[in-house]
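Top to bottom, those sequences are chains A and B. Taking our numbering, the leading residue of the first sequence gets 1, the next gets one more, and so forth. Taking our numbering, the leading residue of the second sequence gets 462, the next gets one more, and so forth.
Hints are computed from structural coordinates only; laboratory data are not their basis. Beta carbons are placed, not taken as given, at the ideal position from N, Cα and C, and that holds for glycine. Please note that the accuracy of each hint is not assured.
[To be verified] Part of the chain A face toward chain B, derived, beta carbon under 7 Å:
no.	residue
1	P154
2	V155
3	G174
[What the hints assert, rightly or not] From chain A, some residues computed to sit far from chain B (all C-beta separations above 10 Å):
no.	residue
4	P2
5	P36
6	V156
7	R242
8	R243
9	R272
10	V319
11	G358
12	D371
13	M390
14	A419
15	D438
16	A440
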Amino acid sequence: MPNTVIKMPQLGESVAEGTIGRWLKKPGDRVERDEPLVEIQTDKVNAEVPSPVAGILQQILLPEGTTASVKTDMAIIGDESPDAASPPPASDAPGAQGPEGTTSQRTPAEAAAASPPPLTFTYDKSSGGGVVGHRDEAAAPTTDGTGTKRFYTPVVMRMAEEHGIDLSTIQGSGAHGRVTRKDVERAIEAPEAPSPSGRGRGVREAPEITTPTPAPATPPSPAPTAARPLPEGEAVGLTPMRRAIAEHMARARAEIPDAWSLTEIDVSNLVRYRHTLQAEWQAREGYELTYLPFFVKAVLAGLRAVPELNASWAGDHLVVHRQYNLGIAVSVENGLIVPVLRDADQLSVAGVARALRGIIQKARSGKLSMDDLQGATFTVNNPGSLGSIMSQPIVPVGQAGIVTMEAIVKRPVVTSDDAIAIRSMMNSCLSFDHRILDGAGALTFLRTLKRELETVEYSVY
Amino acid sequence: MAVLSLVESVRKALEEEMQADPSVIVLGEDVGVHGGVFRATDGLVKQFGENRVIDTPLAELGIAGVAIGAAMNGLRPVAEIQFADYIHPAYDQIVNEAAKIRYRSNGTFACPVVFRAPFGAGVHGGLYHSQSVEALFFHVPGLKIVIPSTPYDCKGLLKSSIRDDDPVLFFEHKKSYRRLRGEVPDDDYVVPLGKADLKRKGRDLSIITYGIGVHLALEASERLASDGIDVEILDLRTLLPLDTHAIKETVAKTSKVLILHEDNKTGGIGAEVAALIAEESFEELDGPIMRLAAADTHIPYAPSLEEAILPNAEDVVQAARRLAEY
């Protein structure tokens, strides 16, 4: 069996790179087909990548912690022991500077192989092909580990310089995605070079709650200020997730003129109703029935009442979605992810409960796929479970709003008949894109939510 | 206008030049009474007599030496080497004498001689009737090397070669002698030496070639066009001196180059063209400079093996496709 080169997989449609989290096999280890080989972290998701073939792990080309673009060679699997296949690492070989400032040792063979192998053309009629050109894929990794290396031919570099073209913004149409002269010519002709960020293509980003402090009086400066730790401080590296959250939040704040409103809801009926259901539910389903499925049903009623909240801003028009895909913010270790409850309007309370349990479990165990994370049309956040009584969430880019369910607390309340009663009260906060709708629409949503949760007319199944 | 085969155009050029200039003579094995093994000198002895159309002994060193001596003494000999494979005995005379005469006499003597030789494979000639020898002379200062690809060019280039005051090697691909036919005007036109000919204009890649390679490229270009690959074809026509201007111009246009020749790859004309492009047109390149040539071996006698080692149109299509996709 020839050696198989394992490449960085694309873990989602808009994902361009991944970080090696952990190698689950060492060189020399036997790996079976479909057996987990490596853990890859992307912006939003950690995934175990299974081996496409059975064999012996010959060589790891990307050390743990390396970020590399999709399709970068990660490892080689063959059927010989690695000793026979590659020379042992030369421990005192001049090290190449790794991406995180680490020094990675390379064997001479690896170093030689680090540049893309030449495209060779050999005369080979025996294969029936006449002259064949090929790149020796198995023989060499194609990047320096940073995942940023692209090969540009002389004419491409010259033309880019002459016309002030940023080559990194050009999608290559040549072999292996190479940027060709024709690609550059097209870029020169088209005044607006295509942006790599893919804005306006309905990219949906993860939201997060913030502390209930008011929005800063001045907009955040576009360039992050370099912070130097005080003498006792320490610089802590960012996980891909932290970096992604930071980018998404900064972008949302920079792009969306959001407004905020709050309503208080008497959820005493809901509390009672859930209590009466709990024992039967536990027996039947085997886990606790939470409030969240009811919140989801109420939010859907609110969105039906105010379709502009289930929409995306598209610059010169609005895209009102027919699907109700709710992003559910889930806090996980060191961060937060927002898996998507698809077509939530088609589910009963029990259906929502089961679906939520599935995605939340997947989120907490790091098993979400990119599909689980894309396509939210509105987001529900439940900071109440952490004790929050009021918060100001950030509207995710591509959505019109985000609603929070705060903690349910017992408070003395003046009832409609002027009595003072102890009721279970909950605040619900809505941040919304003020470009898309105004306070009236936002409050219609909150009123609907309030009515739904106060009357609780849902059957569970 | 007459439609002539390539070999007929050779004969026509010789006849016209002999008529126009009494100093032009023809010599070689069987060129007189027999009219040449390929009939390139058919009838010339009747027309111009045995003093101007000379049958020689079977000794290429002698043919070359006699021609060089005659050239230095005021004649314009056209020496035929019956097969290019047999030019090797004459190598010393051509390289050490003809090529150097102008230089070592400080311009006092010239050597206006033409060595004509059929060359090339594809006719089951085996080891000794199939060789391409252009690369062997390509390295030598003081020589010119011409390889025509059409009857029109052949007549015009041969006339230019005869009129040139320095030694010219004029190689005629024997496979194209009778297969290639084309219109050849009767008038006294010439095709200048050192000028390549753009045979086909294209945008996607350039095939730089000569001789029979031009026809492989033309055939391939039609198939490639149906794939949407627009090929430019440059016929070098004169290998020495190379038309560097035309080469650089086509590289600047398409940025991708496939060099094609029937001679073996290693140390061939393609190597020099590739080096020239790498040196002088580096910033125009958008892909590897590729060469398509015969395998580095001898021309086999077995037809299947001969076919196997020579580039054909399908090979050109595949190589060009690869390059276009790069």
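>> For A/A440, is the shortest CB-to-CB distance to chain B above 10 Å, so the non-interface label stands?
In response: holds, 57 Å
> Is the Cβ of A/R272 more than 10 Å away from each Cβ in chain B?
Replying inline: holds, 69 Å
> Taking the minimum C-beta separation from A/A419 to chain B, is that value above 10 Å?
Replying inline: For A/A419, whose nearest Cβ neighbour in chain B is about 81 Å away, the distance exceeds 10 Å, so it holds.
>> Beyond 10 Å on every Cβ pair: is that true for A/D371 relative to chain B?
In response: holds, 32 Å
>> Checking a non-interface call: every C-beta of chain B should be farther than 10 Å from the C-beta of A/P2. Is that right?
In response: holds, 21 Å
>> Please verify that the nearest CB of chain B lies beyond 10 Å from A/V156's CB.
In response: violated, 6 Å
> Per the stated criterion, does the least C-beta distance between A/R242 and chain B lie above 10 Å, as a non-interface residue requires?
Replying inline: holds, 40 Å
>> For A/D438, is the shortest CB-to-CB distance to chain B above 10 Å, so the non-interface label stands?
In response: holds, 53 Å
> So is A/P36 really clear of chain B, every C-beta pair being over 10 Å apart?
Replying inline: A/P36 is indeed farther than 10 Å from all Cβ atoms of chain B, at 35 Å.
> Under the criterion of a CB-CB separation shorter than 7 Å, is A/V155 in contact with chain B as hinted?
Replying inline: With a minimum Cβ separation of about 5 Å from chain B (threshold 7 Å), the hint on A/V155 holds.
> A/G358 clear of chain B by more than 10 Å, beta carbon to beta carbon?
Replying inline: At about 45 Å from chain B, A/G358 clears the 10 Å cut-off, so the statement holds.
> Is the nearest Cβ of chain B still more than 10 Å from the Cβ of A/V319?
Replying inline: holds, 36 Å
This entry does not satisfy hint 6, going by the numbered hints stated previously; all others are met.
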